[in-house]
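Enquirer: Sequence:
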Amino acid sequence: MGISKQVFATVLLFQIMPSYSHSDKDSALSQTTRSEYNQSNPATPSIESEKHSFFEPYNALYSTVYKKGITLKVEGTQILTQTTDNTWKFEFSVDTLLASLKESSQFRLDGSSLRPTEYQYSSRILGKHKEMLLHFDWDDMKVTNDVKNEPWKMDINDLTLDRLTLQLQLRFDLLNQREQLSYDIADGGKLKRYTFAQQQIETIDTKLGHLETIKVARTDNLSEKRHSYFWFAPEYDYLLVKMEHFEKGESYILNLEKISSP
959 MGISKQVFAT
969 VLLFQIMPSY
979 SHSDKDSALS
989 QTTRSEYNQS
999 NPATPSIESE
1009 KHSFFEPYNA
1019 LYSTVYKKGI
1029 TLKVEGTQIL
1039 TQTTDNTWKF
1049 EFSVDTLLAS
1059 LKESSQFRLD
1069 GSSLRPTEYQ
1079 YSSRILGKHK
1089 EMLLHFDWDD
1099 MKVTNDVKNE
1109 PWKMDINDLT
1119 LDRLTLQLQL
1129 RFDLLNQREQ
1139 LSYDIADGGK
1149 LKRYTFAQQQ
1159 IETIDTKLGH
1169 LETIKVARTD
1179 NLSEKRHSYF
1189 WFAPEYDYLL
1199 VKMEHFEKGE
1209 SYILNLEKIS
1219 SP
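Residue numbers (this note's numbering): 959 to 1220.
Careful: at least some of the hints might be erroneous.
[What the hints assert, rightly or not] Derived pair list, reagent style DSS-like, types lysine-lysine, alpha-carbon separation capped at 25 Å:
no.: 1; residue 1: Lys1206; residue 2: Lys1150
no.: 2; residue 1: Lys1060; residue 2: Lys1111
no.: 3; residue 1: Lys1111; residue 2: Lys1165
no.: 4; residue 1: Lys1165; residue 2: Lys1088
no.: 5; residue 1: Lys1183; residue 2: Lys1060
no.: 6; residue 1: Lys1100; residue 2: Lys1088
[Claimed, not checked] Quick list of the computed label-pair ranges, beta carbon to beta carbon:
no.: 7; residue 1: Arg1066; residue 2: Gly1207; range: 18 to 24 Å
no.: 8; residue 1: Leu1067; residue 2: Lys1088; range: 28 to 34 Å
no.: 9; residue 1: Glu1160; residue 2: Asp1113; range: 35 to 41 Å
no.: 10; residue 1: Trp1096; residue 2: Glu1193; range: 44 to 50 Å
no.: 11; residue 1: Glu1033; residue 2: Leu1091; range: 22 to 28 Å
no.: 12; residue 1: Ser1218; residue 2: Gly1147; range: 19 to 25 Å
no.: 13; residue 1: Asn1179; residue 2: Leu1019; range: 24 to 30 Å
no.: 14; residue 1: Lys1183; residue 2: Gln1158; range: 21 to 27 Å
no.: 15; residue 1: Thr1041; residue 2: Arg1082; range: 25 to 31 Å
no.: 16; residue 1: Ser1058; residue 2: Lys1165; range: 36 to 42 Å
no.: 17; residue 1: Gln1158; residue 2: Pro1015; range: 41 to 47 Å
no.: 18; residue 1: Ser1058; residue 2: Gly1167; range: 28 to 34 Å
no.: 19; residue 1: Glu1033; residue 2: Glu1108; range: 25 to 31 Å
no.: 20; residue 1: Glu1182; residue 2: Thr1045; range: 40 to 46 Å
FYI, nobody ran anything at the bench for these hints, they're computed from the structure. Nothing here was measured: the structure is a model prediction, and the numbers come from that model. No residue lacks a Cβ here, since even glycine has one placed at the ideal position from N, Cα and C.
Construct the entire structure; sequences and hints are all you get.
Expert: Structure representation (structure tokens):
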């Protein structure tokens, strides 16, 4: 595989892992409140509703595979750690000769929802650098990007996430059997809405063995030319174990390589 495709695969991994691929649609600022959200997102009727505790800290390693069978030397590491009783840190990193990325989000739990307090992003792709530092002010309901070359400030609603905590919130909602999976993300000074839908139960082969998984589709950017599907394993607290992304004739598969305690 040529350098251009390796760079594309690396960039794709950047987009998929932190944010489950980029959204082209910007949503209007939602005014949904916490109680309204809970009422409109009930637990699956056929399954008894049950509150679950949050995830145990872990390290997970992912890699990408080109659809035509060429294995790419691109791996991403995901780390969840608990800093205090109710505060957590979630990190993602990729480091190759061509590009590198580091993301981290600090957040606290508010009932069944994640509330980010700080989000950091730093990337290098072929010598081009980009940085972002978001501060969430939940008293004033605003988020500020403090990076000097691209400063911005925006209003947020009660359910706003950053690009990284989206992953954990989606998993936590699947764990708690929510059917309607819709999220507002603070990104680039705009509020962007991401939506997902559960499809079916599938048993797939993974590096952890045969796993029963829930297949989920990204629905806000779904088309004949682009789709993203995700497989989450209930046996591992709905950890993402596989993802398939198809766009502009290119298809890539993301696989979990291993998981361990930090």
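Enquirer: Evaluate each hint against the coordinates.
Expert: Hint check results:
1. Lys1206 - Lys1150: Since the Cα atoms of Lys1206 and Lys1150 sit roughly 22 Å apart, the hinted pair holds (cutoff 25 Å).
2. Lys1060 - Lys1111: 22 Å, holds
3. Lys1111 - Lys1165: The hint is violated at about 43 Å.
4. Lys1165 - Lys1088: Violated, at roughly 33 Å.
5. Lys1183 - Lys1060: 29 Å, violated
6. Lys1100 - Lys1088: 22 Å, holds
7. Arg1066 - Gly1207: 18 to 24 Å: Since the Cβ atoms of Arg1066 and Gly1207 sit about 42 Å apart, the hinted range of 18 to 24 Å is violated.
8. Leu1067 - Lys1088: 28 to 34 Å: 30 Å, holds
9. Glu1160 - Asp1113: 35 to 41 Å: 40 Å, holds
10. Trp1096 - Glu1193: 44 to 50 Å: 34 Å, violated
11. Glu1033 - Leu1091: 22 to 28 Å: 25 Å, holds
12. Ser1218 - Gly1147: 19 to 25 Å: Given a distance of about 37 Å, which is not inside 19 to 25 Å, the answer is violated.
13. Asn1179 - Leu1019: 24 to 30 Å: Given a distance of about 27 Å, which is inside 24 to 30 Å, the answer is holds.
14. Lys1183 - Gln1158: 21 to 27 Å: Holds - the Cβ-Cβ distance for Lys1183 and Gln1158, about 23 Å, lies within 21 to 27 Å.
15. Thr1041 - Arg1082: 25 to 31 Å: 27 Å, holds
16. Ser1058 - Lys1165: 36 to 42 Å: Once the Cβ atoms are compared, 24 Å apart, the range 36 to 42 Å for Lys1165 and Ser1058 is violated.
17. Gln1158 - Pro1015: 41 to 47 Å: Violated, since Gln1158 and Pro1015 (Cβ atoms, about 30 Å apart) do not stay within the stated range.
18. Ser1058 - Gly1167: 28 to 34 Å: 32 Å, holds
19. Glu1033 - Glu1108: 25 to 31 Å: 29 Å, holds
20. Glu1182 - Thr1045: 40 to 46 Å: 43 Å, holds
Violated hints for the displayed structure, listed by number in ascending order: 3, 4, 5, 7, 10, 12, 16 and 17.
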